[in-house]
Amino acid sequence: NGVGKTTAMSLISGLNTPYRGKVKLNGKDLAKIPAQERFTNFLGVLPQNPQALFVKKTVREDLMEMLSGKEFNKEEKLLRTQKIARACHIEELLDHHPYDLSGGEQQRAALAKVLLLEPKILLLDEPTKGMDGEFKQILASILYGLLDQGTTILMISHDIEFCARYAGRCGLFFDGMLVSEGEARKFFSGNSFYTTATNRMARNQFPEAIIPADVIGVLGGNNPSAPTGHLPLHRGGSDNASGPSDHIPFTGEAGSSGSLRPSGPPPSQAKEVTCSNPSGPSAQLTEGLKGKLSPRTKAAMAMIFIAIPVTIFLGIWLLDDRKYYFISLLILLETMLPFVLVFESRKPQARELVVIAVLCAIAIVARSAFFMVPSFKPMAAIVIIAAVCFGGEAGFFVGALSMFVSNMLMGQGPWTPWQMFCMGLIGFLAGVLFQKGVLPRKTIPLCIYAMIAVPVIYGGLMNPASVLIYQPEPTWQMFASAYALGMPFDLIHGASAVVFLLFLAKPMIEKMDRIKLKYGLIQ
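Each residue of the sequence shown is one higher than the last, beginning at 214 in the working numbering.
What the hints contain is simulated information worked out from the structure, not anything from laboratory work. Watch out, some of these pointers could steer you wrong.
When the alpha-carbon atoms are kept at most 27 angstroms apart in a straight line, the in silico DSS-like pairs for lysine-lysine are as follows [unchecked claim]:
1. K724 with K649
2. K655 with K349
3. K218 with K349
4. K342 with K241
5. K269 with K724
6. K333 with K287
7. K287 with K719
8. K724 with K349
9. K731 with K349
10. K237 with K333
11. K655 with K719
12. K283 with K333
13. K342 with K399
14. K333 with K218
15. K269 with K283
16. K245 with K270
17. K333 with K290
18. K655 with K342
19. K269 with K655
20. K218 with K241
21. K724 with K270
22. K731 with K649
What follows is a list of derived Cβ distance ranges for each label pair [to be verified]:
23. P420 with D372: 27 to 35 angstroms
24. F386 with E289: 40 to 48 angstroms
25. E347 with A520: 52 to 60 angstroms
26. A563 with L698: 41 to 49 angstroms
27. A563 with I665: 31 to 39 angstroms
Even glycine gets a Cβ: it sits at the ideal position worked out from N, Cα and C.
Sequences and hints are given; from them, build the entire structure.
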């Protein structure tokens with residue numbers, strides 16, 4: 214650790230400049246080779262942290278980004294992307310966000326991205342980090358295939374067993390220098406401390422044994438997991454030996470020198486796979502949500518259109534609006550009931566409730582942050598986003614709870630139950646319309662819905678509510694006056710929701726879709 218391995222690789226790749234001396238590639242000073250020329254069909258670098266290579270929102274887009282400067286049409290780019298994904302065993306991960314992958318999956322996705330550059334020299338910094346035994350074998354197969362087509366591979370690793378099994382030559386770095394190097398078998402069998410566990414245990418009987426397969430072979434056994442062939446200069450030094458029989462060969466296509474193409478179905482068959490329109494995670498999440506209403510949504514509809522209006526009515530006429538805290542808590546309990554009913558039929562997803570609680574907190578803080586601007590609040594926008602991502606009942610819950618808690622800061626009163634119902638209703642209708650496929654989950658339709666729903670629903674109910682709260686004997690003139698006076702504020706409220714949706718809708722929905730996909734919150 215800390216002896217200069219990664220620093221040396223950064224100098225070879227040109228990411229850092231040496232204080233003294235020069236780095237030459239093919240006899241040419243590295244500092245004089247432009248970056249575009251250096252990394253196109255010549256040098257490929259897989260860094261220690263694969264996340265440094267990810268710049269897009271899906272693995273597919275990240276792979277396509279590597280081909281953006283190439284003279285390929287879209288169909289050719291899709292074909293090459295699918296081929297390299299198949300070679301690196303990440304086909305099922307193409308629509309995932311790179312940061313949502315496991316450590317080993319990120320390594321393979323980053324390697325696929327580097328291999329699209331078709332490098333002649335491949336630099337790998339701890340590529341087996343985060344990989345289990347199975348995928349280490351897959352990585353070895355990929356590396357054997359690259360070696361077969363003439364790629365030079367230089368790898369930094371702490372994985373002694375992997376290096377002993379697959380490497381051609383090994384070297385030991387210490388204090389910024391290469392203090393020992395040689396053919397892998399001689400290197401590990403000649404070291405007393407820095408060697409494999411197999412060599413430590415078996416060196417008295419089998420001095421050159423460095424992997425379990427060596428011991429098993431000497432004893433006359435058969436190890437089905439061992440490679441059936443070996444690299445040249447390894448396992449006895451046979452110059453005619455080959456890599457494992459199950460490795461994935463890369464061969465050049467006709468008319469494309471050095472093009473990567475793993476063995477598998479012919480290009481015509483691969484085209485059928487790759488040229489289909491990629492759906493992406495958002496499409497996957499919404500595909501199963503269209504159609505019939507879920508039991509939770511039906512239960513929420515009963516609460517929203519029957520139980521909650523009855524609760525508000527009883528609060529006005531029986532309690533004379535004096536127990537608005539009690540009424541507000543009843544409404545909260547009624548909004549939670551659909552969740553409880555569904556949890557009776559399936560395992561509770563605490564992650565779903567945590568995400569919804571976070572959305573409530575964001576809505577509360579957002580409303581409080583804009584308290585000084587009358588009617589200009591982001592709460593409606595966040596409630597709509599929550600509904601689009603998690604359904605109508607979740608939208609109602611976020612709207613009602615956010616309004617109740619934020620009123621502890623803004624001021625509670627007999628208007629609180631009305632505000633809870635109005636904001637919740639905006640969220641519920643948004644969830645039904647957008648998550649069930651009635652309207653597309655895009656920014657402009659969301660903005661149009663907000664501009665209509667906020668003045669019509671929130672203003673349409675809160676204006677007459679103000680008359681019912683403060684006037685013991687309301688008349689139609691009072692209601693008309695309330696609508697006329699409240700219309701400008703309602704329009705401002707709707708316009709503010711549109712403004713915030715323009716900035717927040719797309720990034721927040723994408724993040725919520727990532728969370729749903731990663732933690733299995735698809736309903």
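Hint-by-hint comparison with the structure:
| no. | hint | result |
| --- | --- | --- |
| 1 | K724 with K649 | 20 angstroms, holds |
| 2 | K655 with K349 | 42 angstroms, violated |
| 3 | K218 with K349 | 21 angstroms, holds |
| 4 | K342 with K241 | 33 angstroms, violated |
| 5 | K269 with K724 | 13 angstroms, holds |
| 6 | K333 with K287 | 25 angstroms, holds |
| 7 | K287 with K719 | 25 angstroms, holds |
| 8 | K724 with K349 | 31 angstroms, violated |
| 9 | K731 with K349 | 24 angstroms, holds |
| 10 | K237 with K333 | 15 angstroms, holds |
| 11 | K655 with K719 | 8 angstroms, holds |
| 12 | K283 with K333 | 17 angstroms, holds |
| 13 | K342 with K399 | 25 angstroms, holds |
| 14 | K333 with K218 | 21 angstroms, holds |
| 15 | K269 with K283 | 18 angstroms, holds |
| 16 | K245 with K270 | 34 angstroms, violated |
| 17 | K333 with K290 | 21 angstroms, holds |
| 18 | K655 with K342 | 39 angstroms, violated |
| 19 | K269 with K655 | 20 angstroms, holds |
| 20 | K218 with K241 | 23 angstroms, holds |
| 21 | K724 with K270 | 10 angstroms, holds |
| 22 | K731 with K649 | 21 angstroms, holds |
| 23 | P420 with D372: 27 to 35 angstroms | 23 angstroms, violated |
| 24 | F386 with E289: 40 to 48 angstroms | 41 angstroms, holds |
| 25 | E347 with A520: 52 to 60 angstroms | 54 angstroms, holds |
| 26 | A563 with L698: 41 to 49 angstroms | 45 angstroms, holds |
| 27 | A563 with I665: 31 to 39 angstroms | 35 angstroms, holds |
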